[in-house]
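Make a model of the complete structure from these sequences and hints.
Take the sequence shown: its position 175, counted from the start at 1, is 175 in this note's numbering, and no numbers get skipped.
Derived from the structure by calculation, the hints contain no laboratory data.
Bear in mind the structure is a predicted one, so any value in this text is a computation, not a measurement.
Among the hints, a few may not be true.
[What the hints assert, rightly or not] Computed spacing ranges between beta-carbons, pair by pair:
id, residue 1, residue 2, range
1, Gly-215, Lys-382, 18 to 28 Å
2, Lys-158, Ala-81, 31 to 41 Å
3, Lys-254, Gly-311, 46 to 56 Å
4, Gly-215, Thr-332, 29 to 39 Å
5, Gln-73, Asp-305, 21 to 31 Å
6, Val-58, Thr-332, 23 to 33 Å
7, Pro-328, Tyr-66, 52 to 62 Å
8, Val-4, Asp-314, 47 to 57 Å
9, Ser-6, Glu-286, 43 to 53 Å
10, Thr-359, Ala-56, 41 to 51 Å
[Said to hold, decoys possible] Derived DMTMM-like pairs: lysine to aspartate or glutamate, alpha-carbon spacing no greater than 20 Å straight-line:
id, residue 1, residue 2
11, Lys-308, Glu-383
12, Lys-316, Glu-150
13, Lys-28, Glu-383
14, Lys-104, Asp-258
15, Lys-198, Glu-162
16, Lys-28, Asp-41
17, Lys-316, Glu-367
18, Lys-25, Glu-48
19, Lys-167, Glu-139
20, Lys-262, Asp-94
21, Lys-254, Asp-92
22, Lys-382, Glu-344
Quick reminder that beta carbons are idealized off the backbone N, C-alpha and C, glycines included.
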Amino acid sequence: MDIVASKRVQSIGNYAFAEVDNQVKILKSKGIEPIDFGVGDPTVPTPEIVRKATQAGVDKRKSAGYPSYIGSQEYRAAISAWMLRRFGVTVDADNEIASTVGSKEAVFNIAEGFINPGDYAIMPTPGYPPAQRGTLFAEGVPYFYPLLPENNFLPDLKSIPEHIAEKAKLMWINYPNNPCGVSAPPAFLKEVVEYGLKHNIIIISDEAYIDLYYGDEPAHSILEVTKENVAAIFSMSKRSAMTCYRAGWVAGDKRVLDIFKKVKTNIDSGTATFIQDGAIAALNDEAHVDAFRNEYRTKRDIMVDALKAAGLPDCKPDSTIYIWQKGPEGMTSVELATRLLSPEIAIVTTPGTWISDTTEDGLNPGEGYVRFALVPTIEQTKEAAEKIRNLRL
Numbered sequence: 001m002d003i004v005a006s007k008r009v010q011s012i013g014n015y016a017f018a019e020v021d022n023q024v025k026i027l028k029s030k031g032i033e034p035i036d037f038g039v040g041d042p043t044v045p046t047p048e049i050v051r052k053a054t055q056a057g058v059d060k061r062k063s064a065g066y067p068s069y070i071g072s073q074e075y076r077a078a079i080s081a082w083m084l085r086r087f088g089v090t091v092d093a094d095n096e097i098a099s100t101v102g103s104k105e106a107v108f109n110i111a112e113g114f115i116n117p118g119d120y121a122i123m124p125t126p127g128y129p130p131a132q133r134g135t136l137f138a139e140g141v142p143y144f145y146p147l148l149p150e151n152n153f154l155p156d157l158k159s160i161p162e163h164i165a166e167k168a169k170l171m172w173i174n175y176p177n178n179p180c181g182v183s184a185p186p187a188f189l190k191e192v193v194e195y196g197l198k199h200n201i202i203i204i205s206d207e208a209y210i211d212l213y214y215g216d217e218p219a220h221s222i223l224e225v226t227k228e229n230v231a232a233i234f235s236m237s238k239r240s241a242m243t244c245y246r247a248g249w250v251a252g253d254k255r256v257l258d259i260f261k262k263v264k265t266n267i268d269s270g271t272a273t274f275i276q277d278g279a280i281a282a283l284n285d286e287a288h289v290d291a292f293r294n295e296y297r298t299k300r301d302i303m304v305d306a307l308k309a310a311g312l313p314d315c316k317p318d319s320t321i322y323i324w325q326k327g328p329e330g331m332t333s334v335e336l337a338t339r340l341l342s343p344e345i346a347i348v349t350t351p352g353t354w355i356s357d358t359t360e361d362g363l364n365p366g367e368g369y370v371r372f373a374l375v376p377t378i379e380q381t382k383e384a385a386e387k388i389r390n391l392r393l
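The structure is reproduced here in structure tokens:
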């Protein structure tokens, strides 16, 4: 018999970061050890305070049974307290917070709660692929707005056609932005909230990088504007180097959370309670976050200086762990990434076109860019910078 993938699976391509992993494997098979700026997976150890709390939690929870779908009371209370300290926003631990298995499952699954076949979800390009994939699996239609340097990588809301807004149920924003490395000013967050209310569109804000900013002013959450008609998605992965732990949460409008919880309880299970114990320890400690932020800033500055020395435009990010680097005029993103992969350089990046979708008018805003994820060590970053500094493109 023939085994055929569903139309949903056939409608999507390969996951971009799986392709990056494949490039690394090819280099290693040739005996070349690349410096991998491809996938945004931190290489710094998870903080000791988190590891110890998780280890203690294994014994503490030895007879705990299945974890709560929406998170333990202690975890949600710690989240609520952290959000009050961080944003000055009161979020009800019982009704306005739900634990998630990292942020990816929330980004993918939330569309199932709101999208009917043919409904639109408005989202950025470049952007995090699960937002688009989740929309397609819910039989919705993604509408992509481009993130362009002339708009400081913010959406031009006025350019979204009225007929799209009328059919849209969700709108995605992501600030601090992966991959463009910019934070959103409060005025824009207020503008997008008003846009959602005007058009009856729920605003979903992916805030996985909210604590990785480099200026004196912390990055702002959309929840500082309002909780009405809004949900924000958070992750411990980058903030606390907990990618392996799969811990995060959704917070916002109770009406949105109630629907998301119903989807979640029918699709997956809760994060292990001992991992929630580790996440609580992480939320109660800011010292490790400051240290990570300083280390990423150091690596950012090393790489930006080298890229400028190689004759490339200054694309210094103000936040996240990424550099969204513009290449030379006339060179495609894949050509630039391939040049960096040459054996004498062996630097892995993500071509911008791999994480960008083409808009209705045929524009792929990732063309000509590559993404550097600042996850190698400082020493590896210096080694890569030396190679790039002498690069002639």
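Evaluated hints:
no.	hint	verdict
1	Gly-215 x Lys-382: 18 to 28 Å	24 Å, holds
2	Lys-158 x Ala-81: 31 to 41 Å	39 Å, holds
3	Lys-254 x Gly-311: 46 to 56 Å	53 Å, holds
4	Gly-215 x Thr-332: 29 to 39 Å	32 Å, holds
5	Gln-73 x Asp-305: 21 to 31 Å	48 Å, violated
6	Val-58 x Thr-332: 23 to 33 Å	49 Å, violated
7	Pro-328 x Tyr-66: 52 to 62 Å	54 Å, holds
8	Val-4 x Asp-314: 47 to 57 Å	49 Å, holds
9	Ser-6 x Glu-286: 43 to 53 Å	45 Å, holds
10	Thr-359 x Ala-56: 41 to 51 Å	50 Å, holds
11	Lys-308 x Glu-383	16 Å, holds
12	Lys-316 x Glu-150	15 Å, holds
13	Lys-28 x Glu-383	18 Å, holds
14	Lys-104 x Asp-258	19 Å, holds
15	Lys-198 x Glu-162	11 Å, holds
16	Lys-28 x Asp-41	18 Å, holds
17	Lys-316 x Glu-367	18 Å, holds
18	Lys-25 x Glu-48	31 Å, violated
19	Lys-167 x Glu-139	14 Å, holds
20	Lys-262 x Asp-94	15 Å, holds
21	Lys-254 x Asp-92	9 Å, holds
22	Lys-382 x Glu-344	16 Å, holds
When the structure is compared with the earlier hints, violations turn up for hints 5, 6 and 18 and for no others.
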